[in-house]
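Using the sequences and the hints, build the whole thing.
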Amino acid sequence: MFRKQNPPPGSQPGTLAIPAHAPAPRIRAMIYSPELFEEHDVDKVCTLKDFLRDGSVTWIDVQGLGNEAVLTSIAELFRIHPLILEDIVNVPQRPKIENSQYHSCLICWMNRLVPEGGIDQEQVSIVVGRDFVLTFQERSGDVFDPVRSRLRQGGPIIRGSGSEYLTYALLDAVIDGYYPILETLGDALDTIEQTMLDSRKPRGLRRIYKLKRELLSLRRAVWPLREVTNTLLRDGTPFLSKKIQTHLQDCYDHCIQLIETIEVYRELSVSLMEVYLSMVANRQNEIMKTLTITATIFIPLTFVAGIYGMNFEYMPELSIAYAYPLLLAIMLVATMGMVGLFYRKGWIGDGINDEDATNL
Amino acid sequence: MFRKQNPPPGSQPGTLAIPAHAPAPRIRAMIYSPELFEEHDVDKVCTLKDFLRDGSVTWIDVQGLGNEAVLTSIAELFRIHPLILEDIVNVPQRPKIENSQYHSCLICWMNRLVPEGGIDQEQVSIVVGRDFVLTFQERSGDVFDPVRSRLRQGGPIIRGSGSEYLTYALLDAVIDGYYPILETLGDALDTIEQTMLDSRKPRGLRRIYKLKRELLSLRRAVWPLREVTNTLLRDGTPFLSKKIQTHLQDCYDHCIQLIETIEVYRELSVSLMEVYLSMVANRQNEIMKTLTITATIFIPLTFVAGIYGMNFEYMPELSIAYAYPLLLAIMLVATMGMVGLFYRKGWIGDGINDEDATNL
Amino acid sequence: MFRKQNPPPGSQPGTLAIPAHAPAPRIRAMIYSPELFEEHDVDKVCTLKDFLRDGSVTWIDVQGLGNEAVLTSIAELFRIHPLILEDIVNVPQRPKIENSQYHSCLICWMNRLVPEGGIDQEQVSIVVGRDFVLTFQERSGDVFDPVRSRLRQGGPIIRGSGSEYLTYALLDAVIDGYYPILETLGDALDTIEQTMLDSRKPRGLRRIYKLKRELLSLRRAVWPLREVTNTLLRDGTPFLSKKIQTHLQDCYDHCIQLIETIEVYRELSVSLMEVYLSMVANRQNEIMKTLTITATIFIPLTFVAGIYGMNFEYMPELSIAYAYPLLLAIMLVATMGMVGLFYRKGWIGDGINDEDATNL
Amino acid sequence: MFRKQNPPPGSQPGTLAIPAHAPAPRIRAMIYSPELFEEHDVDKVCTLKDFLRDGSVTWIDVQGLGNEAVLTSIAELFRIHPLILEDIVNVPQRPKIENSQYHSCLICWMNRLVPEGGIDQEQVSIVVGRDFVLTFQERSGDVFDPVRSRLRQGGPIIRGSGSEYLTYALLDAVIDGYYPILETLGDALDTIEQTMLDSRKPRGLRRIYKLKRELLSLRRAVWPLREVTNTLLRDGTPFLSKKIQTHLQDCYDHCIQLIETIEVYRELSVSLMEVYLSMVANRQNEIMKTLTITATIFIPLTFVAGIYGMNFEYMPELSIAYAYPLLLAIMLVATMGMVGLFYRKGWIGDGINDEDATNL
Amino acid sequence: MFRKQNPPPGSQPGTLAIPAHAPAPRIRAMIYSPELFEEHDVDKVCTLKDFLRDGSVTWIDVQGLGNEAVLTSIAELFRIHPLILEDIVNVPQRPKIENSQYHSCLICWMNRLVPEGGIDQEQVSIVVGRDFVLTFQERSGDVFDPVRSRLRQGGPIIRGSGSEYLTYALLDAVIDGYYPILETLGDALDTIEQTMLDSRKPRGLRRIYKLKRELLSLRRAVWPLREVTNTLLRDGTPFLSKKIQTHLQDCYDHCIQLIETIEVYRELSVSLMEVYLSMVANRQNEIMKTLTITATIFIPLTFVAGIYGMNFEYMPELSIAYAYPLLLAIMLVATMGMVGLFYRKGWIGDGINDEDATNL
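Protein chains in written order, with our numbering: chain Y, 1 to 360; chain V, 1 to 360; chain F, 1 to 360; chain U, 1 to 360; chain W, 1 to 360.
Since the hints were derived computationally from the structure, they do not count as laboratory data.
Fair warning: there could be bad hints in the mix.
If chains are identical, the list can't say which one is meant, so a pair holds when it fits in one copy or spans any two.
What the hints assert, rightly or not - Result set (SDA-like, lysine to any residue): computed pairs, CA atoms no more than 25 Å apart in a straight line:
1) Lys-96 with Lys-242
2) Lys-49 with Ala-29
3) Lys-210 with Ser-199
4) Lys-49 with Gly-154
5) Lys-44 with Gly-55
6) Lys-44 with Ala-29
7) Lys-96 with Glu-267
8) Lys-243 with Ser-33
9) Lys-243 with Pro-7
10) Lys-44 with Pro-23
11) Lys-44 with Ser-163
12) Lys-243 with Ile-97
13) Lys-210 with Leu-277
14) Lys-243 with Pro-9
15) Lys-243 with Tyr-102
16) Lys-242 with Gly-14
17) Lys-44 with His-81
18) Lys-242 with Gln-101
19) Lys-44 with Arg-79
20) Lys-210 with Arg-200
21) Lys-243 with Leu-83
22) Lys-210 with Glu-267
23) Lys-96 with Gly-186
24) Lys-96 with Pro-9
25) Lys-242 with Leu-151
26) Lys-96 with Arg-234
Here it is, written out as structure tokens:
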């Protein structure tokens, strides 16, 4: 929920703090225009400037932040301000947008379901300039594959609409990546709800808590994303023209939809928690009723039996002929009376109402 | 609560994603002016343009979104932007309003009680142009029948007030459609409340939870509808003139009233949940009291009987003549003392107060 | 809490929906100027225009909305727009203000304590024109009697300050009418609180719930009233001049005071609910303690007595001379030991702290 | 929490409603300038105007509102508008600021700890004109003594800075008066917290409720005071010049600090309530555990003893020589087995964890 | 949580109230320019002005506020307004920014983990002028050491960027100082969560409460800090030029991130509290089940044994040959029946689900 913020307090602004275990950057360049498409793995940063060509857009895709020298060279090449580079490297930063003279930098959090289960959250930074887009992410694996496919397959819109359209497509992919996660959480909610409805036992406390935790984590990522998108819509940047506004409006609408869904899920999980507590309390009532009925019937009877087990010399009842069967009969009547009373109180039988109270 | 959002993440904007089970579109056209009224079932989309006539308004009513070719043809005919068509087809979208040069598009969620019980929620999109109105809905069955009747019966206002008045009438019908649902939920609340007031047993947990869930679902539909109406009021669109403002103000007021009612219901359902929990706790106290009274009276007595059931050779009391009746008398007095004590503590009798505590 | 909204969904705007049981209108006219005061019961609507005289103000007071023809005639006479008439007749509407060229219409909810107990809530609509004021209410009985008295007794301010001052006086009477209700609810809160403080038993669940319900109902009426008053203050209307602003500021301040009081009451009722639940839980602890103490002392003793009630042939203790009194002594010592242990645990005696925990 | 609002609903605005038990006004005048200081008890209102002198400031201090004639005379002398006089006299009014041509009137609530314990809340109205300040309070006893001392001792700043500085000093004294109260409440919170941390018993429900009530009462007084101060800062009044702004900013900051402290206290009291409830529940678990351990061990043993207390003729075990000591040994082993089981379940011993769960 | 506010209510503004135990000021001066660095302990305030030199920046670092004369001399030397000096000395003040002609004064709260455990919160006031920065703190020990190191080591940026950069660096250090605290609290949350997940016993109530208290305390410090930073960003001050804006934006972003983290932690601690309560309730159910099973099986059996322990003369069963073994067999069957019933009810065995309900 809270990863260590680097560098240590009081450091000079612009200090890069790269954790020891950060994977080394893998760099990939895609150069495209309506007529052209090239894709290269980049080994040496110095070759990067060869990929910038007039009339085509270059997407430099940096996966892994584990090499300060490489990152600094890239920053110099694309004139990224040290404070912006700091935000790109010292993850996690709050999602935001930063503009400079040469480019705009969008920082946002990418969430995706990983095959081994669970949600992977990492920071992705998108630097957009006149004819290039740089993306930085913490490690390999992202939600950008559909965008890569569309570039490779040569869709005329994405190939012909410049760096701003690519930026939008990437942002859109990040936002769209939240939907499968919310679907999974929605399914989890449904399962918990169904389990509660079908079972007489309270279950699912652990799952509700985990769900709440994941919703908190998502909300923390989506709210600032909404702000970023809204800032783009309202103020624009020199590198995202008016033409892209309609598309950004779509991103913004999706953010709002995500937020509303998260809020609805949160309210439902609160309600389920209340239902859980009620079921625990109802179950306790059921247990107590069983105990009370047994004890209330048999403890007085045992007392009576105890009376006639006493060894007093003068107990006239003991020698009466039919005293024993009579006493048994009286005990039976008393028991039936008690059962009748409990029935009237609704503690025995009347099972439908009881079930209504015990099940969800 | 959360239907799958189509198309898959990262798709090209404007991609239509039609689920396999979507019903095929049924198209119906109504052409009207103060003097004229025609109604046609439309089989071929190409015939649609014949229904557009100078001086009259045409309402094209599309029910079902299951045929991409048909929808695309309609979009081309009425010059609907691919991104807007995407919002119309890839349901559910958050309610919103989108303007283009040729028309405005209102997206909202229609809720209605279905005869078999429960609430049916579907997206309805209203595209309004200079002299036509298009409505798209997911399946047959809607809240527009009163509007159709008014058109057929030839009310002078609706027939003579152009496409903008029809749009208002449709929006008004959508908003009015929420009232019967809220009435049903209000009745449900009343029933739960009454059941709780009359019963000594806690009941209705399942119903309260379901109610809350439905209120959440309604709130999620009405809030953005309020926004849409407010945007129409504040900014207007080229296709809804100032003349229609007074009517739209009415729609807005109704949205606010709906929202306030939903909020009141939500607070009441929270209070009822608390009352439910209190009743469960009170019931447990009642059960515990029964057990405690029985056990506290009879366990010590049983012990005393046990004492005189022991087989020691020298127990002088056993041979005293009136020991047995005396012991019984002492036991009776002790029991009466205990009962008196419980009475003073308010555990026995004092029934009115008890009832006050147990019933609601 | 939620009365049926008429007319049915999708009806033509301006349709009046008068419930079958609505009382027939009783109309009363008061004509006044500094020198003049007349009061008439009006039987025929057509005579109404005779009461409009230059230089004097006419207050037409319509009680009961059960006659469409009468209401429509009045609307025509005073040029009330059909949509405004709809809001006046199709009660309840959300409190609001509507302006037209000929008059302004204030819709608000009047609450008053009725002698038979409970709160009566009805809609009152005040239409103010240049030299007339119309009030429409659902049935007889209102909070306007003090205003009527002031008119009859000829206070120079109210008689000489035109229709706008009368409007203010009526609005002020509506707002002032909430105070006695809040006083009653405040007294109820005090009583519940006092009962809880004085009693060892949890009581008052039903009352707290009812209180909350009434506070919700009041809040729903006062919030929009505050908006109405604020709109009047901020924007004014052509029929309420600047001169009346100081008085309206007073109304606004009272609305705020009402809202703040309602919120304080709501928070107190939430706290009382918590106290109630705590008392229920404390009471259960008290019950459980009684049971546990009894059972923990006597069940082991009963077991020991049972041992010596066994019929084994070789039980050497049974024939020891002082075994019986010795066993009794041991039992006494064990009991005293247990009591001492419970005392040390604070389960017995130490009554002051216990009381502290049990009473409020 | 809610004192009766006078006069009765619907009265003529400006009606003074003086409760029967209101103390008669005691009037005190202080005239001062840098060179001059006089202090007079005023018996007759007509002599008041003699105290207004050019070049000096007069503070008329009215304590008690129990004489309509006196109050009206003062209002006439200082040209106080009847509606403002109404707000001064018909206490309590919501704190606010009202400006007229001749003076500004600040209404606020003065809270102070009274020696006999508890908080005394009364309304104080400060009317500031060009060279006079009037203060009205409900009864004797206030927080203004330090201001009086500073006037008497002749501090050059307060004596030489006109009526606006006196107004600021009085407002500052009112705001400062909240601090000792909050300190007292903070100490109370600390005590409750400490009691909970040190005790194994849940205690303090009554105190938490009272604290919450007092915090609500304070909040209701401080919020509008903040608004008043903010209005003064933002809009100023003709009688409080720009020079006094720095000082008013200080008042505003103190209001914010008070509000934040109240909110923190409220949250803490909510948390303490939860801790209280948890402790009650933990205590119940402890009680139940004691009962369950005792009963689970001894009830089966008693049953076995009961078996061998039966009087069947053919019970072969009874005549076996060492059956009795053998049975006792078996019982001992069974008991030890149960104790071991409970120990493993953590119900017995493992005291440290138990304590962790039971104490705060 | 709430330290005594000095001076006493109603004092003259500008009165300094120094608590008796305040440590005496230790003053340290650092003079630096790109070429120069000097560091001096200052014993006499009168020598301070020698440290102000053209072309270099002087940082006067005052630790401890326990000497009024010294503080007043410094204030005079740097022309600090008495009201600002009051805010510096009469701690704690709400974080704010105050501007005068000669300098701006930032007041904020410094939080840091102290080696002996716990959080130390003290006020730090930063006065920034053209070529000097003064810092006042309550006692020795702060978060400024990294800034001092950077000055000493001669980083070209901090040495060459004037007093405004130093101010930023100090503010940044204060804000960065919150991160290690939040990390510690985050670890504490993790530990509590882990303990709950792994244990069948409810634990950690005390820790959750303490965590909540610390989060409240942090929130109270960070919110106004955000306001201060925002004011600096929006309005600037004459002593913090536009050049420093980019850096201040960074501070603001960090404040927002801190606030969001605090809110997430607060929500998690609320959820953990609910989980704790659920576990307490589940544990009670487990205890009750044990008791109920034992009692429900053995109390009826004991009663039957009691029957045949009675001493009636005519009890035919007693003399039947195999009555005793038969009875034992019947009892065994009954017990097995009960066990089966409890198993079917899910009270016995079915351990996995039980665990699911009991553990988190």
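What hint numbers does the structure not satisfy?
none
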